[in-house]
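Undergrad: Going down the list, the protein sequences come from chains A and B. For my numbering, count along the first sequence from 1 and bump the result up by 79. For my numbering, count along the second sequence from 1 and bump the result up by 18.
The set of hints was computed from the structure by calculation and includes no laboratory data. Some hints here could point you the wrong way.
[Unchecked claim] Within a straight-line C-alpha distance of at most 27 Å, the following computed DSS-like cross-link-like pairs (lysine-lysine) qualify:
#1 Lys131(B) to Lys81(A)
#2 Lys131(B) to Lys177(B)
#3 Lys177(B) to Lys81(A)
#4 Lys232(A) to Lys177(B)
[As the list claims (entries may be wrong)] Computed footprint of chain A on chain B; a stretch qualifies when at least three of its residues, placed anywhere within it, have a C-beta under 8 Å from a C-beta of chain A:
#5 128-136
#6 168-177
Glycine residues also receive a C-beta, built at the ideal position from the N, C-alpha and C atoms.
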Amino acid sequence: MKTDDLIAALAADTLPRRTAGQRLVRVLPLALGAALGAFALFWGLRPDLVAALASFAALKTVLPLVLALLAGVLALALSDPQARAPRLAAMLWLFGVCLLIAFLVAVAGAGLSGLAGALITSSLLICLTSIPLLALPLLGAALWALAAGAPAKPAANGAVAGLAAGGLATGIYSLYCDQDSVLFFLPAYAVAILIVALIGWWAGGRALAW
Amino acid sequence: MRAANRGDAGAYRQLLQAITPVLRGVVRARGAALGPEGCEDVVQEVLLAIHLKRQTWREDAPLRPWLYAITRHKVADAFRARGHRIDLPIEDFAEKLPATDMPDPMRARDMEKVLDRLEPRAADIVRGFGIRGETVAETAARLHMSEGAVRVALHRALKSIARLRERMME
Numbered sequence: 080m081k082t083d084d085l086i087a088a089l090a091a092d093t094l095p096r097r098t099a100g101q102r103l104v105r106v107l108p109l110a111l112g113a114a115l116g117a118f119a120l121f122w123g124l125r126p127d128l129v130a131a132l133a134s135f136a137a138l139k140t141v142l143p144l145v146l147a148l149l150a151g152v153l154a155l156a157l158s159d160p161q162a163r164a165p166r167l168a169a170m171l172w173l174f175g176v177c178l179l180i181a182f183l184v185a186v187a188g189a190g191l192s193g194l195a196g197a198l199i200t201s202s203l204l205i206c207l208t209s210i211p212l213l214a215l216p217l218l219g220a221a222l223w224a225l226a227a228g229a230p231a232k233p234a235a236n237g238a239v240a241g242l243a244a245g246g247l248a249t250g251i252y253s254l255y256c257d258q259d260s261v262l263f264f265l266p267a268y269a270v271a272i273l274i275v276a277l278i279g280w281w282a283g284g285r286a287l288a289w
Numbered sequence: 019m020r021a022a023n024r025g026d027a028g029a030y031r032q033l034l035q036a037i038t039p040v041l042r043g044v045v046r047a048r049g050a051a052l053g054p055e056g057c058e059d060v061v062q063e064v065l066l067a068i069h070l071k072r073q074t075w076r077e078d079a080p081l082r083p084w085l086y087a088i089t090r091h092k093v094a095d096a097f098r099a100r101g102h103r104i105d106l107p108i109e110d111f112a113e114k115l116p117a118t119d120m121p122d123p124m125r126a127r128d129m130e131k132v133l134d135r136l137e138p139r140a141a142d143i144v145r146g147f148g149i150r151g152e153t154v155a156e157t158a159a160r161l162h163m164s165e166g167a168v169r170v171a172l173h174r175a176l177k178s179i180a181r182l183r184e185r186m187m188e
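Chain B with its partners taken away, still in its complex shape (with noise of 0.2 Å):
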């Protein structure tokens, strides 16, 4: 994470990968009546959160009870938002920390959605990074945009992604 902070997408991406396979075995066991489409959707709200928020962190502090933190609030938060009040004692995580690490078949529903209503720009650019694992240099030479240009594009489209979700929600 402190990699992350610094610049460092390889670490950065590395923790998000390592993190998943737990979030998604709290949201399952949590959450067996949303399905498990749906419960990939909570996960994938979570890894949102951890991202925007990721500088609330305090370098010198644990990362895992600050993990929890956003965890706890983002489940409970979806959770709610789909009408299913849901508590989430801390306890859970510690227990479910060797969650079996099972590939990932889940194609969320709600990211597909809010894509289509995000600004057909900023959508190709996500998409590009994310489905196609494009670089900044080749979106930048593909989109005729500077690289500073395509970094601003990129962070401005995940904050609208999770003020989206958010309003989808409600």
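This is chain A alone, in the form it adopts within the complex (with noise of 0.2 Å):
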């Protein structure tokens, strides 16, 4: 076939075109709605929620929240091709640190015996595969929403997008979660949204490239 052949092709396609954030907001309440249900299905709000969310545990849940907000907004510029979101690249970056300082801070405070014993609890095999599950239609609807854009890196743009539902994730988990320890929620919440960004990672090297 001729270039010039290909050209009348493509012209004739006049189809309009929906941006990768038209998408995501055709296709994120369905998905907050799957992820919702799910967890009302088989897993539900802890019965002292009320108490929980006005003491310090509410971080639990903003925290994941804050992170989705963040690397949702940095995925959607990641999809451009032309890419330049180095503020917000850095306040995720930043954003990360602290929690890490803050992390690091407690287990001074208690000793790696107290880390031990606050992570190695049945919650915790309960929290990485809850979490990752939570995220998966999250993550998918982000993924087929961003595949309208243009990402220069495929692979990193979808580790965001994982990161990004690994958040919204656990902050829908962390109503059930009632493992309110500094010690349990910091390192089990960032292996969990790790892990999703990590699939985000593999599942956006592939859906995304174009």
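If you follow the hints, you should be able to join the two separate chains into one complex; please do so.
TA: Listed below in structure tokens is the structure:
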């Protein structure tokens, strides 16, 4: 086929195309509904939720949602072929470093035995499987939306989408989780979210390549 | 491009025709080893990407940097797939802008292979628009489809072509 013929065929295709942002607005409510529905069916709210949200433990919900927002905006920015979002990326790194410092300070206070005591509970495995499971519909939706974009680095775009999906899923899961120790939720949630980011990195390299 | 996003096929076609010689110049300057036909394959791949990713251009942004970004990514991708590692500095573009507008006698090879592997009806629709210059209404009448169905079929066919080309390269 000659290039001029290809151009004629391309020009004939005048269907309007939606941007990644528009697709996200359409699909996010569906995915969120699926995650919340599964959460209500298989997990459920912790009985003392109101008291927990009024305490320091509210951070368990707030921090992941802040991460989801930051990573979500960054993921959309990265789907632009000329993406320049150094400030957003820096904010995301700063967020991670702050949490790491908070974790190290807490470990310094309690000692490694204190960390092991708080972390090694039956909740750990539940947490590490529940968050990725809840994140799957959200990550799927995000990748579907971002497939309309043209990221310079598809895998990185997928990983950031994974951070956003993981953060959102963790915010939901935290309403069930009754482990309020910083020594539990900081490392456990972080590892769970990074698992989702890893899945996003792998899937993004395939689904977002163009 | 703005008109193209609103569905003005004529304006869009003019735009694609205007940028093709520039693309060809860039690809040939970089990929002489691929031969003229191989270069034309790459040019067609870039055009497909521009088409399928046109929604990532924001209407308030200048068009040229966006075209550079898409082309850079696609050319690097195409050369990598063919085993040539090539960096494409943006300055190349500025110099190549007044590239000589050669007539296009070149028939790219890959596209025929891809069309052969496409579903026959989809390939027929693409050939109808491309080679025979049919309109939506003519295609619809010939295939006894509604005009809306023809538009959707063409759109899906172009997406499949991009996907098949990607897979062929792997």
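Undergrad: Would the pair Lys177(B) and Lys81(A) pass a check requiring their Cα atoms to be no farther apart than 27 Å?
TA: Between Lys177(B) and Lys81(A) the Cα gap is close to 18 Å, so the pair holds against 27 Å.
Undergrad: Does the segment 168-177 of chain B contain three or more residues whose Cβ lies closer than 8 Å to a Cβ of chain A?
TA: holds (count 5)
Undergrad: Taking 27 Å as the top limit, are the C-alpha atoms of Lys131(B) and Lys81(A) close enough?
TA: 13 Å, holds
Undergrad: Has the given pair, Lys232(A) with Lys177(B), been kept, meaning a C-alpha gap of at most 27 Å?
TA: 20 Å, holds
Undergrad: Against the 27 Å threshold, does the CA-CA distance of Lys131(B) and Lys177(B) hold or violate the hint?
TA: It holds: about 16 Å lies between the C-alpha atoms, which stays within 27 Å.
Undergrad: Count the residues of the segment 128-136 of chain B whose CB lies closer than 8 Å to any CB of chain A, then report whether that count reaches three.
TA: Check passed, 3 qualifying residues.
Checked against the numbered hints given earlier, this structure breaks none of them.
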